[in-house]
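Enquirer: Sequence:
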Amino acid sequence: MEKLRSITVLPTEQEIEDKKNGKRKKKVPLPHGHSQLDWMKKQNLIRDPTFFNGDGKITITELKKHNTEKDAWTVYKGRVYDITQYFDFHPGGREELLRAAGNDSTQIFEFRHSWVNFEAMMLKYMVGYLVPE
Numbered sequence: 001m002e003k004l005r006s007i008t009v010l011p012t013e014q015e016i017e018d019k020k021n022g023k024r025k026k027k028v029p030l031p032h033g034h035s036q037l038d039w040m041k042k043q044n045l046i047r048d049p050t051f052f053n054g055d056g057k058i059t060i061t062e063l064k065k066h067n068t069e070k071d072a073w074t075v076y077k078g079r080v081y082d083i084t085q086y087f088d089f090h091p092g093g094r095e096e097l098l099r100a101a102g103n104d105s106t107q108i109f110e111f112r113h114s115w116v117n118f119e120a121m122m123l124k125y126m127v128g129y130l131v132p133e
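Just so we're aligned: the sequence shown equals residues 1 to 133 in my numbering.
The hints are simulated quantities; they were obtained by calculation from the structure and are not laboratory data. All values reported here derive from a predicted model rather than from experimental measurement. Note that the Cβ used here is the ideal one computed from N, Cα and C, for glycine as well. The reader is advised that the hints may include incorrect statements.
[What the hints assert, rightly or not] Straight-line alpha carbon distances no greater than 30 Å define the calculated DSSO-like cross-link-like pairs of lysine-lysine that follow:
(1) LYS77 to LYS65
(2) LYS77 to LYS27
(3) LYS77 to LYS26
(4) LYS20 to LYS41
(5) LYS57 to LYS26
[What the hints assert, rightly or not] Pairwise CB distance ranges (calculated):
(6) GLY33 to LYS70: 19 to 29 Å
(7) VAL131 to VAL28: 32 to 42 Å
(8) GLY92 to ASP71: 14 to 24 Å
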């Protein structure tokens, strides 16, 4: 349980305060062709998803190795996703998405984007399930 807490990304006190006060997070300008609609179109073109290259069992140790913009995995509700290709599409910017890399982003994602269907958005990038060491 302690190890799971060590990889859980939580909202900061400032983020919680801003949300209480109705202050919205700034979106960053994205290049043409990098909207959320473009991301979903890209998903429809993928024939061979990343999904389960291997046995699908990902430990925290393995997850933590994937913590850069060039190789980023995150956990959402116990499932591990490769979010590397999403950096160019994230409306909150690269820095915000990098917080999730190598970590469990379930709580921060629910805090920021409770209306978004993460599983549908990232289904073809699922690499496995987080398992105990």
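Enquirer: Run every hint past the structure and note whether it holds.
Expert: Do the hints match the structure? See the list:
| no. | hint | result |
| --- | --- | --- |
| 1 | LYS77 to LYS65 | holds, 19 Å |
| 2 | LYS77 to LYS27 | holds, 25 Å |
| 3 | LYS77 to LYS26 | holds, 26 Å |
| 4 | LYS20 to LYS41 | violated, 34 Å |
| 5 | LYS57 to LYS26 | violated, 36 Å |
| 6 | GLY33 to LYS70: 19 to 29 Å | holds, 21 Å |
| 7 | VAL131 to VAL28: 32 to 42 Å | holds, 34 Å |
| 8 | GLY92 to ASP71: 14 to 24 Å | holds, 20 Å |
Violated hints, listed in ascending order, are 4 and 5; each of the other numbered hints is respected by the structure.
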